[in-house]
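The lines below spell out each chain.
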Amino acid sequence: MKIIGIADTTFARYDMGRSAEDELGRTGTGFRIIKYTVPGIKDLPVASLILFKRNADVVIACGMPGKKPVDKISAQIASTGLMEVQLKVEKHIIEVFVHEDEAENDTELSWLCDMRAREHAVNAYNILFFPEKLGENRGKGLRQGFEDVGSTMGDGKGSTIRH
Amino acid sequence: MKIIGIADTTFARYDMGRSAEDELGRTGTGFRIIKYTVPGIKDLPVASLILFKRNADVVIACGMPGKKPVDKISAQIASTGLMEVQLKVEKHIIEVFVHEDEAENDTELSWLCDMRAREHAVNAYNILFFPEKLGENRGKGLRQGFEDVGSTMGDGKGSTIRH
Amino acid sequence: MKIIGIADTTFARYDMGRSAEDELGRTGTGFRIIKYTVPGIKDLPVASLILFKRNADVVIACGMPGKKPVDKISAQIASTGLMEVQLKVEKHIIEVFVHEDEAENDTELSWLCDMRAREHAVNAYNILFFPEKLGENRGKGLRQGFEDVGSTMGDGKGSTIRH
Amino acid sequence: MKIIGIADTTFARYDMGRSAEDELGRTGTGFRIIKYTVPGIKDLPVASLILFKRNADVVIACGMPGKKPVDKISAQIASTGLMEVQLKVEKHIIEVFVHEDEAENDTELSWLCDMRAREHAVNAYNILFFPEKLGENRGKGLRQGFEDVGSTMGDGKGSTIRH
Amino acid sequence: MKIIGIADTTFARYDMGRSAEDELGRTGTGFRIIKYTVPGIKDLPVASLILFKRNADVVIACGMPGKKPVDKISAQIASTGLMEVQLKVEKHIIEVFVHEDEAENDTELSWLCDMRAREHAVNAYNILFFPEKLGENRGKGLRQGFEDVGSTMGDGKGSTIRH
Numbered sequence: 001m002k003i004i005g006i007a008d009t010t011f012a013r014y015d016m017g018r019s020a021e022d023e024l025g026r027t028g029t030g031f032r033i034i035k036y037t038v039p040g041i042k043d044l045p046v047a048s049l050i051l052f053k054r055n056a057d058v059v060i061a062c063g064m065p066g067k068k069p070v071d072k073i074s075a076q077i078a079s080t081g082l083m084e085v086q087l088k089v090e091k092h093i094i095e096v097f098v099h100e101d102e103a104e105n106d107t108e109l110s111w112l113c114d115m116r117a118r119e120h121a122v123n124a125y126n127i128l129f130f131p132e133k134l135g136e137n138r139g140k141g142l143r144q145g146f147e148d149v150g151s152t153m154g155d156g157k158g159s160t161i162r163h
Numbered sequence: 001m002k003i004i005g006i007a008d009t010t011f012a013r014y015d016m017g018r019s020a021e022d023e024l025g026r027t028g029t030g031f032r033i034i035k036y037t038v039p040g041i042k043d044l045p046v047a048s049l050i051l052f053k054r055n056a057d058v059v060i061a062c063g064m065p066g067k068k069p070v071d072k073i074s075a076q077i078a079s080t081g082l083m084e085v086q087l088k089v090e091k092h093i094i095e096v097f098v099h100e101d102e103a104e105n106d107t108e109l110s111w112l113c114d115m116r117a118r119e120h121a122v123n124a125y126n127i128l129f130f131p132e133k134l135g136e137n138r139g140k141g142l143r144q145g146f147e148d149v150g151s152t153m154g155d156g157k158g159s160t161i162r163h
Numbered sequence: 001m002k003i004i005g006i007a008d009t010t011f012a013r014y015d016m017g018r019s020a021e022d023e024l025g026r027t028g029t030g031f032r033i034i035k036y037t038v039p040g041i042k043d044l045p046v047a048s049l050i051l052f053k054r055n056a057d058v059v060i061a062c063g064m065p066g067k068k069p070v071d072k073i074s075a076q077i078a079s080t081g082l083m084e085v086q087l088k089v090e091k092h093i094i095e096v097f098v099h100e101d102e103a104e105n106d107t108e109l110s111w112l113c114d115m116r117a118r119e120h121a122v123n124a125y126n127i128l129f130f131p132e133k134l135g136e137n138r139g140k141g142l143r144q145g146f147e148d149v150g151s152t153m154g155d156g157k158g159s160t161i162r163h
Numbered sequence: 001m002k003i004i005g006i007a008d009t010t011f012a013r014y015d016m017g018r019s020a021e022d023e024l025g026r027t028g029t030g031f032r033i034i035k036y037t038v039p040g041i042k043d044l045p046v047a048s049l050i051l052f053k054r055n056a057d058v059v060i061a062c063g064m065p066g067k068k069p070v071d072k073i074s075a076q077i078a079s080t081g082l083m084e085v086q087l088k089v090e091k092h093i094i095e096v097f098v099h100e101d102e103a104e105n106d107t108e109l110s111w112l113c114d115m116r117a118r119e120h121a122v123n124a125y126n127i128l129f130f131p132e133k134l135g136e137n138r139g140k141g142l143r144q145g146f147e148d149v150g151s152t153m154g155d156g157k158g159s160t161i162r163h
Numbered sequence: 001m002k003i004i005g006i007a008d009t010t011f012a013r014y015d016m017g018r019s020a021e022d023e024l025g026r027t028g029t030g031f032r033i034i035k036y037t038v039p040g041i042k043d044l045p046v047a048s049l050i051l052f053k054r055n056a057d058v059v060i061a062c063g064m065p066g067k068k069p070v071d072k073i074s075a076q077i078a079s080t081g082l083m084e085v086q087l088k089v090e091k092h093i094i095e096v097f098v099h100e101d102e103a104e105n106d107t108e109l110s111w112l113c114d115m116r117a118r119e120h121a122v123n124a125y126n127i128l129f130f131p132e133k134l135g136e137n138r139g140k141g142l143r144q145g146f147e148d149v150g151s152t153m154g155d156g157k158g159s160t161i162r163h
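Residue numbers (our numbering), protein chains in the order written: chain A, 1 to 163; chain B, 1 to 163; chain C, 1 to 163; chain D, 1 to 163; chain E, 1 to 163.
Don't read these hints as lab results, they were simulated from the structure. In this text, all values refer to a predicted model and were calculated from it rather than measured experimentally. Please note that a few of the clues may not be correct.
The list makes no distinction among identical chains, and a pair is therefore deemed to hold if it is satisfied within one copy or across any two copies.
[Said to hold, decoys possible] Cut-off 20 angstroms, straight-line C-alpha distance, at most; resulting in silico cross-link-like pairs (PhoX-like, lysine-lysine): (1) K133 <-> K67; (2) K53 <-> K91; (3) K35 <-> K133; (4) K53 <-> K88; (5) K68 <-> K133.
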């Protein structure tokens, strides 16, 4: 039985962890989920490390950087920390960050958070169970949330998941 | 008996550590506080590390980055260092930074420092004693100091603490 | 038998790993290739580390940073992680990044991805088998993809590979 | 007998190490000074590490970043390195950086370098011998060089040292 | 017999390593030189680490960051990596970076590369054999390549080497 960790924040304005959890349930079996909530994105790296100490095989780290320049710096620091944790434990952290200013309004923001969390949950699942599925999509211009861009050769457009 | 470390600076223009200490006293028991003061925010990471060496279970790191571009860079370096310490000791540092230009005047700055230190003190307390309380607020758009933003689903507005 | 790792992404819009693989086959023998695909560039460092754990002697890390400011930050974080992995394992990672805005259109972007991947594949091959070939070109203003700039002394112009 | 290390550069336009050394002599006893000079600020981290290897208990790192954008980046890299050294040896480095563009002319620049080095020398001395003195000034808005800003509560203005 | 490592790139448009090597020969004896060439500046850190593994006592790392914003980021990442290597091996890397846009034309660029490499070669030599010579020039406003700026006290102008 594999363990998938989900780390999230009270700062984020949408419960992306719930979307990820729901999508994982639709995607497959053979794993159980452990969760950990922290105040903000800069707390996610040590939270992820703690989840790995609790035997997580992969961690999905959900966060929502704010609109201000200081928030952009925080996102950079958080990502750098998530990188450091991955190299320390030699396991993947799938970063699910939705910047608050990526969406026009709260409705679109909710939709984007939900979709990105779901599509990255599938990525996390495949990394654990079917890494060859990622290999089949190399260079295909996939995106999580908004529509896939597709390859420069004109093929591969479309979304990873559809509901 | 848990140990909560508080690191702060002589550069800051408000004694945020005192606010944190006062709020911790109102919040619960089962811990004692150890403190450490340094000149500026870039000295906080090693100060925090020293507090962990003195057996702190969590550290609250209080600082006030100035208004100049060079101060913003210092804040980024300080945060990166605080990240590194957390990953080294595998424990949380709650960063309580108030940028001097977040407030319009000294009165608001005092208020913001006091409130943010208090709300983050509760976060530090919960991380140690009641981590599930953070889980209950995942995705709720909480803020420390200024009013909570709330979730994109329209729920969850309001402040963590009220006096 | 040496092992050359190729790490790439589903985010990229061109299969640079295939170009690298093809060029390696034209360049020489004495190696076998192992591949690993991840969602985005920030996942490449731990992917590269995993390839080294699977005994790679050098890794070619292919990625395509997008056009937005947040993508540029991601590229910086990814490169910093790739640096960290190299210093950890004491082996080279040849970074093959093509920024989406380096080309005018999809046709040029395809061409650039293909060329840069091929020229860097030769670099990776030479690092493993003929490091002295790199020494012969020191200070020659070589570029991967676009035309070589040449040395300030007026010599050394021309491309490493021609098809 | 404690050991205070002073690291400085040939790039700087003022001998801040001499000011620090002089001020330490006026401040107290119980220590001896060891010095190390490098070309530029990016050489200060390893210089500081070497001073710690020679048993320094604290290091004062003096440097003067230039006016150009590239110099600002160098300062950031140098500070990041100084951070890393501190976390490695678990001891303080007091960074005495004066940016060349902080002063209007050479006379003011000399004055600023001298004052900042002296005030930070006192900080280094207190960290080693009287850490409680720093605690007495927490949140007081102290500055090194230019006049103290004071706390937002209206108290605490004035300079740490006066000649 | 000391060992001086020289790492350089095929991206640079001038063979700075040759200038450094020539100047070292004019400066003194008691060392031998080992060299290592890589494609670009981001490959210099692991190259330097490999030179230290081959027993180098100091490394001179020569590179020429390009004019584009992405090149400036690469330079920052490269310098950060060089910093990390120094702290790992506890030895100096003298970074000889000439930004392509520091000079007006190829003639000046050649001159600047040659001069900076030569002056830094002397620095590397002195760090190994006569560290006190650097101490004599602390705070003197020395520059490598362009003319020394001199100290704010009006003394110390002039170049380290003259031909």
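Numbered hints the structure breaks, given as an ascending list: 1 and 5
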